[in-house]
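Engineer: Residue-level listing of the chains:
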Amino acid sequence: MDLLTWTYLLVGLSFALYIGIAIWSRASSTEEFYVAGGGVSPLANGLATAADWMSAASFMSMAGQISFSGYDGSVYLMGWTGGYVLLALLLAPYLRKFGKFTVPDFVGDRYYSNKARVVAVICALFISFTYIAGQMRGVGIVFSRYLELPIEWGVVIGMAIVFFYAVLGGMKGITYTQVAQYCVLIFAYMVPAIFISIQLTGNPIPQLGLGGEIAEGVPLLDKLDGVLGDLGFGAYTSGKKSIPDLFMITLALMVGTAGLPHVIVRFFTVPKVKDARLSAGYALVFIAILYTTAPAVAAFGIYNTIQSTSEKSITDLPAWVQNWQQTNLIQIEDKNGDGKVQYLPNPNTNELRMDKDIMVLASPEIAELPNWVVGLVAAGAMAAALSTAAGLLLVISTSISRDLFKTFRPNISDKKELRIARLAAAGAVLLAGYFGINPPGFVAEVVAFAFGLAAASFFPVILLGIFSTRVNHEGAIGGMLTGLIFTISYISYFKFMSPELNTAEHWWWGISPEGIGSLGMALNFLVCFGVSWLTPPPPKKVQQLIQEIRIPKGAGQASDH
Amino acid sequence: MERYWKKNLQTLGILLFIWFIVSFGFGILWVEELNTIRIGGFKLGFWFAQQGAIYTFVVLIFIYVIRMNKLDKEFNVNED
Chain L
1 MDLLTWTYLL
11 VGLSFALYIG
21 IAIWSRASST
31 EEFYVAGGGV
41 SPLANGLATA
51 ADWMSAASFM
61 SMAGQISFSG
71 YDGSVYLMGW
81 TGGYVLLALL
91 LAPYLRKFGK
101 FTVPDFVGDR
111 YYSNKARVVA
121 VICALFISFT
131 YIAGQMRGVG
141 IVFSRYLELP
151 IEWGVVIGMA
161 IVFFYAVLGG
171 MKGITYTQVA
181 QYCVLIFAYM
191 VPAIFISIQL
201 TGNPIPQLGL
211 GGEIAEGVPL
221 LDKLDGVLGD
231 LGFGAYTSGK
241 KSIPDLFMIT
251 LALMVGTAGL
261 PHVIVRFFTV
271 PKVKDARLSA
281 GYALVFIAIL
291 YTTAPAVAAF
301 GIYNTIQSTS
311 EKSITDLPAW
321 VQNWQQTNLI
331 QIEDKNGDGK
341 VQYLPNPNTN
351 ELRMDKDIMV
361 LASPEIAELP
371 NWVVGLVAAG
381 AMAAALSTAA
391 GLLLVISTSI
401 SRDLFKTFRP
411 NISDKKELRI
421 ARLAAAGAVL
431 LAGYFGINPP
441 GFVAEVVAFA
451 FGLAAASFFP
461 VILLGIFSTR
471 VNHEGAIGGM
481 LTGLIFTISY
491 ISYFKFMSPE
501 LNTAEHWWWG
511 ISPEGIGSLG
521 MALNFLVCFG
531 VSWLTPPPPK
541 KVQQLIQEIR
551 IPKGAGQASD
561 H
Chain C
1 MERYWKKNLQ
11 TLGILLFIWF
21 IVSFGFGILW
31 VEELNTIRIG
41 GFKLGFWFAQ
51 QGAIYTFVVL
61 IFIYVIRMNK
71 LDKEFNVNED
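Residue numbers (my numbering), protein chains in the order written: chain L, 1 to 561; chain C, 1 to 80.
Everything labelled a hint here was simulated from the structure, so no lab data went into it.
Please read these numbers as outputs of a predicted model, since none were measured by experiment.
For every residue, glycine included, the Cβ atom is placed at its ideal position computed from N, Cα and C.
Be aware that a few hints might be false.
What the hints assert, rightly or not - Computed spacing ranges between beta-carbons, pair by pair: (1) L:115 - C:40: 55 to 61 Å; (2) L:232 - C:37: 24 to 30 Å; (3) C:74 - L:41: 24 to 30 Å.
To be verified - Which bits of chain L does chain C cover? Going by a derived footprint, with three or more residues having C-beta under 8 Å, they are: (4) 27 to 38; (5) 113 to 125; (6) 243 to 249.
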């Protein structure tokens, strides 16, 4: 069978699977819609969290990002996994014990204030919308590259699928489709990685292959350092970013991960506090499988690319280079007219330009694997984008139906609330689709936004809400707003208002916009503490609530108590 | 209950200290120094930044799970 048929077949089969699961696990109450009835096993929740968390960016772009930045790419690897330690140790078990449905629920109750709740809802909506637009775009891109459909059509089909299982199944439907999506995406990621590892280093485990030796008996990483050094790029295993910047970016990504509402809410779906701890552990295992493979894919990819293109005759390039030239992900321009490709750091003389997604998307072809593997990678990329989009969608719809509607109209019936939640989900799908088709110019920049904001807004107030009995609503609202406004201003200034000034010498203390969320978080902590000490302590009832969430005993199912 | 909470905080302190050392310490602050040590084809600092820190994170969470389950039983605050 040819490539296109295989791709249609595998992507089609995976979609049929997701829809089948959605029909089987239709939600019939708000509790099922919001938290899957609170009856998800820790293992299933771990799998679902991993799929929820790993987006189109993790699957398609991260390895390539590391390929081109070498050691500096470590910030993503450590940042996007280290957050789970914070989540498991500091947040998940206590939020599960608290036992309601959303993050704004916790903020509103712990800080006994609907104002705090509304601020939290605004943060949650802002974070989720910036994130989901990128996912929808990702779906569209996969469709256009593999299935030769226009991006718009890809987005529409993706919307239809997500609409079907998220709106129908709510959290219950999403959870079980995410379990299936994890299996699809990890299989799709590992197969090419394993084969490339065997071809290059003879070791079937890519994590070890990264430290292995290539055929000529030199360690791969040393060879790469040498090859890149000779071309003038600087060694692969050392970086260009300053230590303070690396530090702050890693911290912002870690704390941001722990503060993302669509990740936190997954821990409301397990029956017990100890299940919440355990499922965070499972989630990180499943995430780590991909995240420890990514640096191997990155190093193999850049090595193979340089070997097969640098100083090679333009008419004699391997087939995969020619294939991906058609999609413009690889661009070759013979600037000096010598008939060969020069890959150089100077943009004026460099003749080879590659999109970062190429390292994963072209990996089956680089390894000369059969066509079905290419189709599999397409299905995997789709699974990564759809699973994250669905999780975000749920946060958006829950925020609207529960945190806004139910809070101000407490008497609506369960049935009506469910209808509003579904309507909100439907509206959110349409809006996300719109942004997927007409991406606001800054889609690539919004990741920094989402993490920075999650770090600067949610993380400090949730943490202090659990570990301090003294912090009150004045402090929390002040802290969240300070963190939010500071971070938004700094990122907007350098990314949108004066992008020409976005260089290290203009940054405050050399902190890039990607890392500024860490400073926003510190400010949030300071303001939260300071204001709380100047104002009266929270009421007895709230202090009692805090004592209660600190011990696991008596965690019932998530409910409106 | 205060003793339960204190022990919990102690556990958190130790685990988060290790969390900080393997990532921010070994992976960023002292990466140059560690890179002079080699394990197979890896420079040690680079290995921590791209592999070792992640493995350690996984282990930390499972230590926490085991330790807390024990603590819950000891103080009779477990759920079953």
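Engineer: Against this structure, judge whether each hint is valid.
Structural biologist: Do the hints match the structure? See the list:
no.	hint	in the structure
1	L:115 - C:40: 55 to 61 Å	holds, 57 Å
2	L:232 - C:37: 24 to 30 Å	holds, 28 Å
3	C:74 - L:41: 24 to 30 Å	holds, 26 Å
4	27 to 38	violated (count 0)
5	113 to 125	violated (count 0)
6	243 to 249	holds (count 3)
The structure does not agree with the numbered hints 4, 5 stated previously, though it agrees with the rest.
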